[in-house]
Structures are given as C-alpha cells and as structure tokens.
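Engineer: Given next are the chains, with one letter for each unit.
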Amino acid sequence: MKRRTIKVDELTRVEGEGAMHIEMRGDEVTDVKLTIYEPPRFFEGFMQGRDYSEAPDITARICGICPVAYQMSSVYAMEDAFGVEVDGVLRELRRLLYCGEWIESHVLHVYLLHLPDFLGFESAIHMAKDHGETVAKALRLKKAGNAIVSTLAGREIHPINVKVGGFYRAPTKQELGGLLEELEWSLGMAEEMVRFTAGLSFPDFEKDYEFVALRHPEEYPCCEGKLVSNRGLDIPISEFREHFVEIHEPHSTALHCKLKERGMYFVGPLARYNLNFDKLPENIQELALEIGLGKTCRNPFKGIIIRSVETLYAVQEALRIIKSYEPPAVASVPVEPRESVGHGCTEAPRGILYHRYELAEDGSIRHAQIVPPTAQNLPTIEDDLRQYVTQFMALPDSELKWQCEQAVRNYDPCISCSTHFLKLTIDRK
Amino acid sequence: MIGVGNRYRGDDAAGPVVAESLLEEFGAESVATCDGDPGALIDLWSGRREVVLIDAMISGGSAGTIQRFDVSENPLPAEDFPVSTHAFGLAGSIELARGMSTLPASVVIYGIEAEQFERGAAMSPRVRASVWEVSRKLARRLRAAPPRERSHV
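Note that the protein sequences, when read in sequence, are chains A and B. Per the working numbering, the first sequence starts with residue 1, numbered consecutively. Per the working numbering, the second sequence starts with residue 430, numbered consecutively.
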C-alpha cells in the first residue's frame, strides 16, 4: 500500500515553535500530529505564593501579541474572587484597550501571516513586492491598534497600566482624543479589509463544529458574559471546570482542552461571530451579509474575513468609546482581598482565555489555572487536517502541504501561549 | 541612527546603548532605539535618505567583533541576526520595506557579535568595549554631516 508523509518540521507564520506530521496509507489518513516542541514555561507554577495584584503583569508576559487578554482575564478573575465590580467609564476603558489588541493582533494575522497563503506567496516579505501599498496600509492600521494600547496602558507590548480594580492612571480626554484622526482613517481601511478578504478564493471545506464563545446580553462579547455553544452549552464562567477538561498528549508540550461531554470544540473569531452575529452593530451585520458571509460560517478558511469584520467592529467600538469619554473620578475601585476562588474568561483575539485563582486570606495566590485559546483549538486543528487531507488527497504533495499549513493558520495559533502551563512533577524516591 | 534590541537582555542591549550614547549630542530627530517591531522600524526610517542600524548579532565569531553590512542593494544575512518568533527580525523588516519601496537609499548595519542574551544581565565586557567603539565612530560620522543634513542622517 502506498505510503505518503506530509511533514513540516518548523511551522512558520505562527507564534511559537511547532511542527506538523501527517501520514497516509493508501486512501486513509493514519496519523496527524501538531507537535508542539516550544519549551514549557511554568507560569501557573510560579504564580503560586505571589500577591493577587501581580497577576495582571505576570500573566501579560505569557504573550507579546495578546497581553491585554491575559491582563483582562486575570483582573476579572480576581474581582470575581473579591466581590468587586468595575463598571461605567472604567469598564469602557477596558473594552477600549481590548479593541486595541484585537486590531493589532487581527491585522498582523490577516495581512502578514495568513494573506500570503491565499495569494500564493511564501511570506509577507515576498508579497510586499507585488502588494506594497496593501502592506503599507496594513501596517498603518495595525499601528492605530498599537496606539490605543500604548496611550491607554503605557506601552503597546506588555502594557503596565492595568490593575485589579481598574487602572493605575486614567487617560485624559486630550490623550484619547489624539487617537481619533487615525481611527477615522482606520474605519475606512477596515471596511476595505473586509471587502478585500471576502474576495479571496476559499477551499470548499466546511465542518459541523461545536463553537464556544462568550455571549453577553447587550454587546458583542469581550470581557463578560456566559459561555455558550451551538450545541446547548450555556453556563456561567465559574462552571468552566465542570464542563471542560485539560488533557496531556505526549506529542505536545501544550495541554489539549476538550468538552467533557462532547470532545473537541472551536474557539476564536468564527465562534464569536456565529454565536453573536445579532450583537454586531447593524451596519456591520449589513456589510457581512452584503459580502456573502451569512450569519453563520463553518469554513475555517473564512476566518480571515471574520477577523476583518471584527477589526472593523473594534475600530468602530473604539471610536464610540473615545467620543463619549469623560475621565472617571478615580482610576480604580478599592479591593479587599479575602480567602476565595475567582474565575475570569475574556475573548482573546484567538478565542476564550480562562483564568482561575485560589487565593489565601492575605491575597496571595495558592493555585492558578490558565487555559489559553490555542490549547482549546489544538484537537480541532488536528481533526481539520485529518479531514482536509482525506478530502483533498488527490492533490500533489507540495500543494497539499501548502494548504495544510494554511489550514493550521486558520486558527492563528499562538504556540508560545499554549505552552505556558505544562505541569512538571518531580518524583523523588 | 537606530539602535535595535532589548535593553534588558544582556548583549542585546548593544544597539540601544549605542543609540543612547548619541542621543544627547544629536537629538531624537537623528537617533532612536527600537525593539525590532517591523512596523516601528519602517516608520522610523520612512522618508529618510540614509539610515544606520546597530544591532547585536550571532555569526559564530568572537564576542565583540564588529561587522559592517551595506544592505542598500543586497539583503542582510538573516541567519546572523537573532529573530524573535513574534517578528520578522531586522533582515525581514528590511526586505519588507524594500518590497514596499520604502527603504532609504542608503542602509548600513553595524553588527556587534554577542555572547549572551540573558534576561536582566549586563552586557559582556567585550561587547561593551565594541559598543563604545561603534558609538565613537558614529558620533564622528554625525559631526561630519553638513548641518542641513544632520537631521536626516
């Protein structure tokens, strides 16, 4: 029986270090592994004994692309533990900060990491020769997202102004106003991004996924809501561990996360969009329908369009928040630590990011658990590859390999994030 | 003049330290530091005729060795410059700008061979010595530039 192997030793255009291995015998796919060999990073372990107030700044270091997500999940978890609610302007500022991160991360992925696959270029560098103007505009749009994060939180990577209870310092009206001109330009550019990505060619590939995302009664989800799915999951964030389980697979330094009842599931822009289409502003819903996206999308390759739709939403939402901004009387609300357990879950660019902390009376961390989106998507990515290769087996190896790499990038995997948590057990005898 | 690198990772501070040493005399219009983000780098050199970049490198030579690369026409040997998994690296940023036709007409890189990139560590003595040598050389170069050009050296 003919044996074929598709092997990519170093996946490029993803964050972190991983490899892909697919084996076929005849018409059957016998093995698919997304091997994660990025070294484990032990964040959960070294959080133990640290003060609750350090969690936002320590966990932000897990990722240079989505530090805001880590900060937000950790502050919401701590506030849940201490019975603190942050609302009004401070809540709006958190949302604005998150918009900045979505813009930065989505634009980077859409234009510099994923688009080269669709246009047949080896990398964005090769693509820039033929599409220089597009790349230049993309960098400008990304910069508008960076500017939100650095203005509001001190710097664009690993921001330093977020604390449990709010911010260390709230921006002035003038500081936020300075972002408006570039965001007005970005609004047009983001709409162009949606139309441009909608015009790309997509493989005919759909699956009946279980999508999981936050859902909030009044808004497109960001930091708050219930965890829902298209197969009936509808739980408060605090019940995460009753429904989800983390599993160690030998070929991966990242844990895989599954639904206890039904196994693999899908988080990220597609899940958010499919479960919250009705919460998008009317003009964005209309645009999505006009470009033929529909209210539900099951083709993961079209994630590039949905990231563009979310970029447009983030720019529009940022403009709304900045235009109505009046500085708060205080930059943060008081927090009183107590012995407790807290849960936080926010929508990182790549999907839900769950944090859980057990805290001692003095506010020190007894136990930390962090479940990043890429770990949750890993089983689904492997299953996509299995089905994709089965469906397109007739393609020559080089083409199949290209498309499999593209299929992995559909999820914008952040391998550096996903390996932060491997547990190390030392058995001394 | 752009010093590229991370101030807090051992010899990776070489670029930023060179830039900081030039900043007081020549000002922020002519001197900058950058963590290596391609967008930020491309912004910094955008509209300039000439750019000099200073970065730590690993080519297998002895620590502190200074190498000069003129990449105005040809690519930088990417394998000699450390690349973060989150970015394109210096070589990638240069090629991205070349592709977009936004690379200055003259681009010269001073690479300083590094020994270690330990978090929180000081620069190695031999790298430190080379940093001052490059600083002196570039200060002379900037002083020699005609005053009207100085802001765009």
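To be clear, the hints were calculated from the coordinates, so they are not data collected in a lab. Bear in mind that the values here come from a model prediction, so they are computed numbers and not experimental data. C-beta atoms are modelled at their ideal positions from N, C-alpha and C, and glycine is treated no differently. Errors might be hidden in some of the hints.
[To be verified] Only some residues are given here: those of chain B computed to face chain A with a beta carbon under 7 angstroms:
(1) G468
(2) G521
(3) S530
Engineer: Compare the structure with each hint and give your call.
Structural biologist: Going through the hints against the structure:
1. A cut of 7 angstroms between beta carbons decides the hint on G468 of chain B: the least distance to chain A is about 5 angstroms, and the hint holds.
2. The closest approach between the C-beta of G521 of chain B and any C-beta of chain A is roughly 6 angstroms, which is under the 7 angstroms cut-off, so the hint is satisfied.
3. Restraint check, S530 of chain B versus chain A: the minimum CB separation of about 6 angstroms is within 7 angstroms; hint holds.
Hint check: no violations occur; every hint is consistent with the structure.
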